[in-house]
Each structure stands twice: as C-alpha cells, then as structure tokens.
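Asker: This is what each chain is made of:
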Amino acid sequence: DIQLTQSPSFLSASVGDRVTITCRAGQEISRFLVWYQQRPGKAPEVLAYGASTLQSGVPSRFSVGGFDTEFTLTISSLQPEDFATYYCQQSKNYPVTFGQGTRLEVK
Amino acid sequence: EVDLVESGGGLVRPGRSLRLSCTASGFSFSDHYMDWVRQAPGKGLEWVGRIRKRTNSYTTEYATSVKGRFTISRDDSRNSVYLQMNSLQIADTAVYSCARVSVRGDYYFIDSWGQGTLVTVSS
Numbered sequence: 011d012i013q014l015t016q017s018p019s020f021l022s023a024s025v026g027d028r029v030t031i032t033c034r035a036g037q038e039i040s041r042f043l044v045w046y047q048q049r050p051g052k053a054p055e056v057l058a059y060g061a062s063t064l065q066s067g068v069p070s071r072f073s074v075g076g077f078d079t080e081f082t083l084t085i086s087s088l089q090p091e092d093f094a095t096y097y098c099q100q101s102k103n104y105p106v107t108f109g110q111g112t113r114l115e116v117k
Numbered sequence: 104e105v106d107l108v109e110s111g112g113g114l115v116r117p118g119r120s121l122r123l124s125c126t127a128s129g130f131s132f133s134d135h136y137m138d139w140v141r142q143a144p145g146k147g148l149e150w151v152g153r154i155r156k157r158t159n160s161y162t163t164e165y166a167t168s169v170k171g172r173f174t175i176s177r178d179d180s181r182n183s184v185y186l187q188m189n190s191l192q193i194a195d196t197a198v199y200s201c202a203r204v205s206v207r208g209d210y211y212f213i214d215s216w217g218q219g220t221l222v223t224v225s226s
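Protein sequences, first through last, are from chains R and A. Numbers in this note's numbering are just positions in the first sequence, counted from 1, shifted up by 10. Numbers in this note's numbering are just positions in the second sequence, counted from 1, shifted up by 103.
Don't read these hints as lab results, they were simulated from the structure. Incorrect hints may have been included.
Said to hold, decoys possible - Now the stretches of chain R that chain A is said to cover, found in silico as 3 or more residues with beta-carbon under 8 Å:
{"id": "1", "region": "22-33"}
{"id": "2", "region": "39-45"}
{"id": "3", "region": "97-104"}
{"id": "4", "region": "107-117"}
As the list claims (entries may be wrong) - Under the rule of at most 27 Å between Cα atoms (straight-line distance), these lysine-lysine pairs were calculated in the DSSO-like manner:
{"id": "5", "chain 1": "R", "residue 1": "Lys52", "chain 2": "R", "residue 2": "Lys117"}
{"id": "6", "chain 1": "R", "residue 1": "Lys102", "chain 2": "A", "residue 2": "Lys170"}
{"id": "7", "chain 1": "A", "residue 1": "Lys146", "chain 2": "A", "residue 2": "Lys170"}
{"id": "8", "chain 1": "R", "residue 1": "Lys102", "chain 2": "A", "residue 2": "Lys146"}
{"id": "9", "chain 1": "R", "residue 1": "Lys117", "chain 2": "A", "residue 2": "Lys146"}
Unchecked claim - Taking CB as the label site, the calculated pair distances span:
{"id": "10", "chain 1": "R", "residue 1": "Arg28", "chain 2": "A", "residue 2": "Ser120", "range": "47 to 55 Å"}
{"id": "11", "chain 1": "R", "residue 1": "Asp78", "chain 2": "A", "residue 2": "Lys146", "range": "24 to 32 Å"}
{"id": "12", "chain 1": "R", "residue 1": "Gln37", "chain 2": "A", "residue 2": "Gly118", "range": "30 to 38 Å"}
{"id": "13", "chain 1": "R", "residue 1": "Pro90", "chain 2": "A", "residue 2": "Val105", "range": "23 to 31 Å"}
Here a beta-carbon is modelled for each residue, glycine too, at the ideal position from N, C-alpha and C.
With these hints in hand, go ahead and build the complete structure from the sequences.
Answerer: Below, the structure written as structure tokens:
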C-alpha cells in the first residue's frame, strides 16, 4: 500500500494567516493526488484533484501543487470557514489510501 | 442535487455479519464508480473499497484491511450500492459512508458523500 504522510498533523493559525500543508507519498504517484476538506460534523468535500487542479467553486486563496512524492496545499489568507481537517488521497494504485489528516485550528 | 443515503448500521458482535445499503438520487447512478469510506470515531478517513460501473464489468477493489471479509455490490435498477461485511472485528467500528466517484481525464476522485451510518462492533 502507498503510504501518505501529512505534515503537520495539527496546525494553529489565525484569520488572515498563510498556511501550507504538505503530503508526502511513500512512492512516486505522478499527479494522482486529491485534497479534501472536512469541516466538523460534515462530510468531506473535494478541493483539488490531479495534484494541481482546483475543483470548480473552490476559492482562489487555495493553491495546490506537487509531483511524484511531495505535494502541497496552501491557503493564502485564512478565512473562518477554512478551519477544518484536510486530507490528501492517492489514486495512483489500489488500494486507494488517505493521509492521516491535518487539523487546522484557530490560534 | 446529488443525495446519498446509507442505512443498515448498528451494533453487532465480533465475528458476525452486517450489510449496509446506500441509495443514490439526483444523478445518473449507473455512470459512476462508487466507493465506501469509513471513519472511526475521532479518527481519519479510511478508504474501504470501490465498485466500477457496468462497462467495467462491475469489478471491485478493496482496502488491505477488509479484503476477503467485505464485498461491494450494486444494483443499478435500484440506484443502490451495498457493503456486505463479514467476520467483523472491533477495529471495524466506524461511520461508513458511500461516495460517488467522478473522473477528469485520468484522475478519479470522490465528489459527493453520504452522511454515513454507524457500525459498532462490540461484545
């Protein structure tokens, strides 16, 4: 199974801050990486796929990138609704696997 | 509007079986792969498995942790996908959600999720 490791696992930040979450894959996965956001008590929502393509409707303050083993999700200016848990997922090989999640909390 | 509604969860003893159902509406069900994903209380997301559509022979894939114990099936005439869980273990305790898979080029991703049904495995 392909292991995905997110860092950090917990992140405290304030509204207006710029934050970056990293997802590292245990083997090369090209651009087969998806990012999801899960707000408390809600179902996850897709933010980006193909490592670098934002899903329609996702605000432009989110940016994503990366290739093969290192991927990033950056939020340029945190908004109150961005405090949530973020997951990366690889779809290069089966079984599909998720990272352990990054919980973004209000400082 | 896409809607996915799971049912069939509950309390079950270790070693027993349970079958979950998910009924979809608001989209062309037969055109999509469907996933099951679970989330243990207070934990992260874990992919359980996938069933492809008719044109891909309804083939399935499973997580290592459930392979050989869980089986996914679908009935396109009922817009439903199922998760048969056998030999349940305490570690299988989680909220189980069905999810619609979409594709853009070569990239598959989940773009809709149900709210889930809780499965508790306990003696």
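Asker: Now tell me if each hint is right for this structure.
Answerer: We went through each hint and held it up to the structure:
{"no.": "1", "hint": "22-33", "result": "violated (count 0)"}
{"no.": "2", "hint": "39-45", "result": "holds (count 3)"}
{"no.": "3", "hint": "97-104", "result": "holds (count 4)"}
{"no.": "4", "hint": "107-117", "result": "holds (count 5)"}
{"no.": "5", "hint": "R:Lys52 / R:Lys117", "result": "holds, 22 Å"}
{"no.": "6", "hint": "R:Lys102 / A:Lys170", "result": "holds, 19 Å"}
{"no.": "7", "hint": "A:Lys146 / A:Lys170", "result": "holds, 21 Å"}
{"no.": "8", "hint": "R:Lys102 / A:Lys146", "result": "holds, 24 Å"}
{"no.": "9", "hint": "R:Lys117 / A:Lys146", "result": "holds, 22 Å"}
{"no.": "10", "hint": "R:Arg28 / A:Ser120: 47 to 55 Å", "result": "holds, 49 Å"}
{"no.": "11", "hint": "R:Asp78 / A:Lys146: 24 to 32 Å", "result": "holds, 28 Å"}
{"no.": "12", "hint": "R:Gln37 / A:Gly118: 30 to 38 Å", "result": "holds, 35 Å"}
{"no.": "13", "hint": "R:Pro90 / A:Val105: 23 to 31 Å", "result": "holds, 26 Å"}
In the structure shown, a violation is registered for the earlier hint numbered 1 alone.
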